[in-house]
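S.K.: So the chains spell out like this:
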Amino acid sequence: MTDSLIALVEDNEDDEALTIRALKKHGISNRIVILRDGVEALAFFLDVKQPLPQLVLLDLNLPRLNGLEVLQRLRAEPRTRLLPIVILTSSNEERDLVEGYRLGANSYVRKPVDFVQFSEAVRQLGLYWLVLNQVPGA
Amino acid sequence: MTLASRASSLRWRLPALILALLASIGGAFAWTAYREMRHALRLAADDRVHNAASQLADLLAQSATARVAETRRLAADVAVRHFVATGENPDAALLALRTAQQRSPQAKISLRAQGSGAATRVTGDHVVLERSPEPVDASKTAPVESAGPLQVADGRVFYQTTVAIARSADEADRGSGFLTTERSLTASSGVGLIERLIGSGAVLKLGNAAGDVWTDLVKPVGGPPAVPPGARTVSFVDAANARHLGTAMPIAGTPWQVWVQFTEAPLMQPAATLLRRMLPWTVALVLLGGLAVRLVSARITTPLQQMADAADAMAAGDYSRRISARGSTEIGRLGTAFNIMATRVGESHEALETRVRTRTEELSQSRDALAASNRELEAFSYSVSHDLRAPLRGVDGFSQALLEDCGDRLGPEGHDHLHRIRGAAQHMGRLIDDLLKLARVTRADLHLEPVDLTAMAESTLTGLALAHQERVVDWSVQPGLQATGDSRLLQIAVTNLLENAWKFTGNSDHARIEFGRHDDGGAVPEYFVKDNGAGFDSTYASKLFGAFQRLHHVRDFPGTGIGLATVQRIVRRHGGEVRADGAPGLGATFSFTLRTEAHA
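Residue numbers (our numbering), protein chains in the order written: chain G, 1 to 138; chain D, 1001 to 1600.
Derived from the structure by calculation, the hints contain no laboratory data. Please read all numbers here as calculations on a predicted model, not as lab measurements. Be aware that one or more of the hints could be misleading.
Simulated crosslink set (EDC-like; lysine to aspartate or glutamate; CA at most 20 Å straight-line) [what the hints assert, rightly or not]: (1) G/24 / D/1433; (2) G/49 / G/77; (3) D/1503 / D/1408; (4) D/1219 / D/1154; (5) G/25 / D/1216; (6) D/1530 / D/1519; (7) D/1205 / D/1216; (8) G/25 / D/1408; (9) G/25 / D/1312; (10) G/24 / D/1405; (11) D/1437 / G/94.
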């Protein structure tokens, strides 16, 4: 479990800190790579020299390329077609939900304002995607 | 234009009608003239026949009287009287008879006498003279002092005139006798004379008044038809199928009558000629009239046709057509009025189109503006949803982090402050969420469909009961509530109302929530959510549906004050109204209508 990588695509440093805090608090000690925007995220995921993370937590509202565009590009690449991607965002707009799932997101989680709820959401995400979920070739 | 519509157009029907009228008038006129002419001719023919018969009757009466007078003169001859009285000197009597006979070669004269002495009989050419003691045969010598009736013998028609030669009272010893003249009417020399008198083509017959013997003065013939009583003439058809007009007239002083007949055809000829001459003129007149009417009708109907065509063109959107009819006649005025009307209609149509174009442009601009403002609103909502919540999460998250990491270094007051910071941040988060919902309700498209309100309310209440298992709420939903509306929006409205009811019955001992429909028989069904919760002061009922309006303290019943505003927007978008009834401590009833089902 500690070997696998978690990618957090997030431009808000507060959210980044809170997410990392929540993960750590629940004993999820995987290596975490932080990607600040869509371009950076794509460059990382499509770089064959970089390892593929076991879970991508993808924000939607990103500078340069937004989350949905990143998702679309990743799903178009054979390397990242099956990459587990969870959209973790403030938005609960219906069209974001629909578009996210249409483009192949594995899950869509809205960040609660309440940190306790947020922390619980992150815990359940980590537990599910890093422990329970099985991926091909793992 | 098809043939049928051509035949039914005024241009053809009007002349046809007038032509028919002219033809019937012309025909009736010609026929009446013909009939009148025939009638007049018939009267004239009657006169002619009648006059001819009268003249002939007079002529014949004179002739007969002359013959009788001749016979009387002969009877008064001295030699004749002497022979009758005495039987002497028969030669002298015979000479007298012969002389008379020679004046009328076809006549037969006989003298029969009765007297004493020797019987004497002398005959000569057409002359007989006899005297005997025997009485004279009375049947042969009826003493008729006038022309006798016509008789037939051996194909010969004749009549006798007998005159008595009587003895006087003092001559009892002397003889008496009768002088009879027999005259033939056949092969009479008078035919030529009569023909000259009444004209050729006429037929003359002479007969007994009794009608038993008739002759055409050549031979015996059959009788003519009888003249009806009261009529002057009789019209009849002969064996050769020719029509004749004839009449009979008694001949004065004789037991005879004369018959004159004319063939009708030559008499009536002028009527037929008139008809024959009138017909072409009538036809020509009718055709001329028809032509005139056709020209007049064309003058009337051509502008009408133009108007009809122009009106059709106007209906099709072409306002440029004008009528050529001018002048002060009704048609001219109609044409002028039509042209003015066409101009005005064209102008107002043009003006209308310009206005429609302007309005369309304005509408399109405002639609664009609206779309732009909608896009802005959407971008704003998205931004609110996303960007406003992130800082709140930071406030809440780091307050919690502070509590966890440095909690031991903060006093109870510091803990309380941090809790308040978190509470405020979370409340702000809820406000943002509810505002977003309200905005979505406003701008979402309405998708009308059948909605099962009963199922909707039941699942919502079941969900609430599941989420709040610590609560005991007695709830009921009226079965079979079907409505028409946007199911997503109605779900939000029903959920808001039921959640409100659930929330405000939180302090009630026996919480009760009811969802149903008012059965007041109104045309538009009214649904309601009724609870026995905290209720509200109805003075402020109108404030209930305003955003952020609350009638209770947050500490009693938490909430953002946006739920009922959302319900009202949803109901209004469905064309309905929502109202609230209640009193503090007695619960509340929220009723709403949905107009969409009235015309769904």
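S.K.: Does the structure break any of the earlier hints, and which numbers would those be?
M.R.: As far as the earlier hints go, 1, 3, 5 and 9 are violated by this structure, in ascending order.
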